[in-house]
Amino acid sequence: MASLPKIYDPQEIEGKWYQFWQNNGFFHAEATSDKPPYAIVIPPPNITGSLHIGHALDNTLQDCLIRWKRMQGYNVLWMPGTDHAGIMTELIMERRLADEGTSRIALGREKFVEQMWEWKEETSDYIVSQLQKLGCSCDWDRERFTFDEGFVTAVKTAFLHLYNQGLIYRDTYMVNWCPNCNTVLSNLEIEPIEIDGNFYHIRYPVIDSDVMLEIATTRPETMLGDTAVAVHPDDERYQHLIGKKVLLPLCDRKIPIIADDYVDTEFGTGALKVTPAHDVNDYEIGLRHDLEQRTVFTQDGHINENAPKKYVNLSRWDCRKMVVEDLKKEGFLVKIVPHRHAVGHHDRCNTVVEPAISPQWFMNVRPLAERAIEATKKGEITFIPERETTRFFHWMENIEPWPISRQRWWGHRLPIWYCNACDAVTVAMDTPQQCECGATDFHQDEDVLDTWFSSGLWPFSTMGWPEETDELKTFYPTSVLVTGWDILFFWVARMIMLGLGCMDEVPFRKVYLHGLVADEKGQKMSKSKGNSIDPLETIATYGTDAFRFALANTSTPIPYVPLLESQIEAGKRFTNKIWNAARFILMNLEKFPVPAENAEMTEGQELLEIQWIQSRLSHTIKTATDAIENFRFYEMAQTLYAFLWHEFCDWYLEFAKQRLSKNEPKALWVAADVLEQMMRLLHPIMPFLTEEIWQQLPHGGNNSLANDNASVTVAPWPEPIGENPTAEATMTNIMEVIENIRSIRGELNVPIGASVEVHIQSPNAEDRKRLETYLEQYLPAFTRVSNITIAESLPKPSASAEAVIGDLAIYIPLAGVIDFEAEKVRLTKRHDQTVKDVAAAQKTLENPNFIERAPEKVVAQKRELLERLLVEQEKLARSLTMLSS
RNA sequence: GGGCGGGUAGCUCAGGUGGCUAGAGCGACAGCCUUACAAGCUGUAGGUCACAGGUUCAAGUCCUGUCCCGCCUACCA
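The opening position of the first sequence corresponds to residue 1 in our numbering, with each subsequent residue numbered one higher.
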């Protein structure tokens with residue numbers, strides 16, 4: 001034991017324990033159990049490669065909850081798995097294929113999907129290994145994938161179920177189209193990005209008149225598809241033109257001037273070109289006025305044959321240039337005004353999205369959204385932090401139909417079959433046998449489902465739905481969902497709606513939405529920005545536990561949590577501190593083994609420092625438990641850190657050393673007990689280090705230390721035994737004396753090796769008795785003292801430094817050492833501060849309303865404070881006068 | 001346009017329902033290799049709690065307004 005290395009080596013320790021936990025089946029959840037259930041489904045990472053910093057945070061927090069509840073004796077299920085992640089994964093694969101000189105199209109659908117599966121096998125193994133490196137205690141026996149066989153069944157079942165309820169339908173509507181990915185997208189997948197564009201002012205000549213109607217547009221190329229010009233019905237400038245026609249420049253088509261309320265007379269020129277096939281608003285106007293929908297773009301963003309010949313096959317952007325050029329040439333271009341505006345981009349491939357008219361499958365989510373709102377209002381789901389509830393409601397209340405079909409290959413095929421003879425639609429689990437028309441030939445819809453459709457089934461599909469499994473009975477609804485707020489709409493909202501739609505019950509009781517990891521400038525960390533911290537590198541450098549501690553410790557309830565390298569370093573120092581505290585205790589336990597009999601252990605527990613540390617531990621247990629209960633991971637981390645470092649190590653172990661030097665081991669045994677409990681408290685945050693130390697500490701058998709479990713992973717969560725205010729108050733007083741002596745020594749530069757005499761004057765007999773009892777025992781552990789004198793009244797020795805604590809005065813004779821000027825500066829500083837504090841307290845107490853209205857307790861406290869401050873002030877003033885004379 | 005979050009020490013952040021003399025980590029300064037830990041120990045400095053009003057006996061905390069920063073959301077061509 002004494003051979004424990006001085007420096008904690010995480011690589012060595014962390015390697016061995018995960019396997020141990022796995023082999024013992026500690027992470028396995030029982031489908032049926034007497035224990036109360038606690039379940040979390042993991043937000044399945046995309047199979048697109050390695051875990052990023054956001055996963056590290058998300059999964060650390062989940063593992064904290066899971067490990068904590070497991071120790072509390074719950075039947076804990078942490079459901080793991082991965083997501084096939086539709087378009088995103090396809091795009092990455094396409095890039096790989098491009099590097100290999102081939103393409104998705106060249107491979108063809110079947111080959112392409114085959115390759116995707118091969119890749120999935122690689123990446124999901126890698127992701128699992130990374131989660132394990134992070135210490136995640138998932139139930140790996142139950143690992144799932146959003147595209148595995150069970151999911152195929154679940155997705156089809158869900159689709160059918162919702163279709164039969166009339167919630168899924170096909171419609172031709174204006175949708176967001178990505179010309180790069182050749183697919184429809186939902187609103188959520190569109191990221192509006194502000195760009196510097198232009199307002200192009202164009203003249204449209206009015207037919208049978210010499211008037212030119214000036215319109216303004218940011219997208220001149222769409223004029224090729226214009227089928228009207230609109231003005232506001234009440235706009236006096238254009239009244240006389242309504243009903244006339246303009247000749248569309250470059251196209252030589254005649255299009256009508258119509259009146260529509262949508263037009264804003266204040267904006268632009270007050271005249272709006274209408275392109276029903278390529279703009280959402282224009283589409284609406286077109287429907288109201290029965291305008292032609294003239295599509296001029298191909299699916300991949302080029303110009304089609306509906307446009308004048310010279311533009312056909314040009315890209316959107318080349319076409320814009322040429323149109324502007326031609327308008328200028330022909331005198332239709334009035335001016336170009338710079339204009340900054342938001343343009344929708346596909347969030348996955350960053351292509352400018354094109355509004356387009358397209359037949360798609362939609363889901364009418366409104367009824368489910370209403371149920372979700374109602375369920376939340378009834379308290380069936382709670383969002384943490386609370387502010388997220390408002391965001392959730394706002395989104396749900398304004399929800400629009402969800403386009404669920406995607407013109408892609410990697411995903412769940414729509415369970416829709418078309419009759420080859422009559423085109424009739426059949427929705428079914430498998431290919432139908434016969435159509436109503438009698439035909440027997442069918443083809444399945446080519447489209448796949450939006451990847452979030454299957455992710456939305458995650459909480460129940462992973463538990464075996466549509467089968468009525470024990471897992472569902474035991475664990476659904478799950479306890480908590482932990483994820484970043486950025487996917488509240490994408491995923492959380494969909495899970496709630498689909499949970500209600502398929503299970504008739506919300507999927508989880510609580511949703512904890514944590515912040516996103518950011519850098520020191522508050523910028524979200526991302527690979528593309530290059531400001532990201534790589535979890536695996538970090539683990540290699542600092543160790544998993546240090547990393548996890550930093551993550552928990554910085555996880556405050558703000559939207560962007562900055563993670564600084566220095567905080568991970570602090571985590572590492574903390575692991576080392578724990579390690580060394582354990583080393584000290586273990587080394588000494590070799591000399592003083594924990595006795596077999598409880599009696600021997602408990603004997604001597606009247607020692608003040610033992611009462612004190614046990615009281616503080618009790619307080620720590622209470623605070624830490626309350627913190628994690630309420631998802632305040634940072635508070636839990638900080639509480640445990642402060643207790644372990646600044647109370648247990650800084651003070652208690654020093655007391656214990658003092659006792660050991662006199663061959664009194666009880667304080668050491670208590671230290672071992674406190675450390676053992678601390679290892680349990682810290683285990684959710686730092687699983688590896690705590691297991692290593694816990695295994696070496698006495699924790700079973702006949703002694704009084706804790707329990708006899710095989711692993712801290714399944715050891716019981718500590719319970720507070722109650723606090724001891726008297727012991728704490730006494731100890732605080734002793735500490736103040738010690739700190740004041742140390743402060744004098746430090747500020748007056750008394751060499752560390754030099755012993756000093758300490759004279760303490762205290763008018764209170766009880767205080768004197770306490771000080772006599774304890775100072776003799778404790779002082780030597782903290783500072784070198786040659787002699788302690790305690791009396792009711794003492795003359796202040798000449799050439800001495802002084803400290804004042806209430807009615808207590810400490811004198812340290814420093815003849816020949818003392819720098820009177822330094823002492824004067826020191827006392828003046830304290831005196832001035834005291835004067836200020838006295839003034840503040842007096843001001844409060846002189847207010848009659850305060851005495852009258854404030855609670856008695858507050859008034860009494862204030863009086864006590866003032867009394868103490870006045871005494872201190874007086875003493876300091878007197879000493880200063882003496883020093884000056 | 002609507003909404004949300006933030007502005008507290010040099011830096012990054014804590015300060016649940018108003019009430020101890022406003023805290024931590026990191027950094028800074030000074031002194032220590034005190035046999036668990038120099039990845040450590042001891043001491044010190046550093047804050048008009050963005051600004052202006054208001055409510056209250058009492059405001060970092062509650063209300064109103066203003067100014068910055070960030071984000072979400074919306075169909076202004």
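One thing to keep in mind: the hints can contain errors.
What the hints assert, rightly or not - With a straight-line Cα cutoff of 30 Å, these simulated BS3-like cross-link-like pairs (lysine-lysine) come out:
id: 1; residue 1: Lys321; residue 2: Lys309
id: 2; residue 1: Lys824; residue 2: Lys857
id: 3; residue 1: Lys329; residue 2: Lys244
id: 4; residue 1: Lys836; residue 2: Lys796
id: 5; residue 1: Lys245; residue 2: Lys377
id: 6; residue 1: Lys622; residue 2: Lys245
id: 7; residue 1: Lys622; residue 2: Lys329
id: 8; residue 1: Lys377; residue 2: Lys328
id: 9; residue 1: Lys796; residue 2: Lys824
id: 10; residue 1: Lys156; residue 2: Lys133
id: 11; residue 1: Lys245; residue 2: Lys309
id: 12; residue 1: Lys577; residue 2: Lys16
id: 13; residue 1: Lys244; residue 2: Lys156
id: 14; residue 1: Lys591; residue 2: Lys524
In short, the hints are calculated from the structure, not lab data.
Since the model is a prediction, treat every value here as computed from it, not as a measurement.
Hint by hint, here is what the structure shows:
1. Proximity of Lys321 to Lys309 is assessed by CA-CA distance (about 16 Å); at most 30 Å being required, the pair is judged to hold.
2. Taking the CA atoms of Lys824 and Lys857, the gap is about 37 Å. The hint is violated against a cut of 30 Å.
3. Taken as a hint, the Lys329 and Lys244 pair is honoured in the structure, with Cα atoms around 26 Å apart against an allowance of 30 Å.
4. Proposed proximity of Lys836 and Lys796 is supported: the alpha carbons are some 26 Å apart, at most 30 Å.
5. Between the alpha carbons of Lys245 and Lys377 the distance comes to roughly 54 Å, so the proposed pair goes past 30 Å and is violated.
6. For the hint pairing Lys622 with Lys245, the CA-to-CA distance comes to about 79 Å; that exceeds 30 Å, so the pair is violated.
7. At roughly 79 Å between alpha-carbon atoms, Lys622 and Lys329 are farther apart than 30 Å, so this suggested pair is violated.
8. A distance of roughly 59 Å separates the Cα atoms of Lys377 and Lys328; the hinted pair therefore is violated under the 30 Å criterion.
9. Simply put, Lys796 and Lys824 have alpha-carbon atoms about 15 Å apart, close enough for the 30 Å limit, and the pair holds.
10. For the proposed pair Lys156 and Lys133, the alpha carbon gap of about 35 Å is over 30 Å, so the pair is violated.
11. Among the hinted pairs, Lys245 with Lys309 is consistent with the structure: their alpha-carbon atoms are about 23 Å apart, no more than 30 Å.
12. A C-alpha spacing of about 21 Å is found between Lys577 and Lys16, which places the hinted pair at or below 30 Å, so the restraint holds.
13. Pair hint Lys244 plus Lys156 does not hold up; C-alpha atoms about 53 Å apart against a cutoff of 30 Å.
14. Taking the CA atoms of Lys591 and Lys524, the gap is near 52 Å; set against the 30 Å cutoff, the hint is violated.
Of the hints listed earlier, those the structure fails to meet are numbers 2, 5, 6, 7, 8, 10, 13, 14, in rising order.
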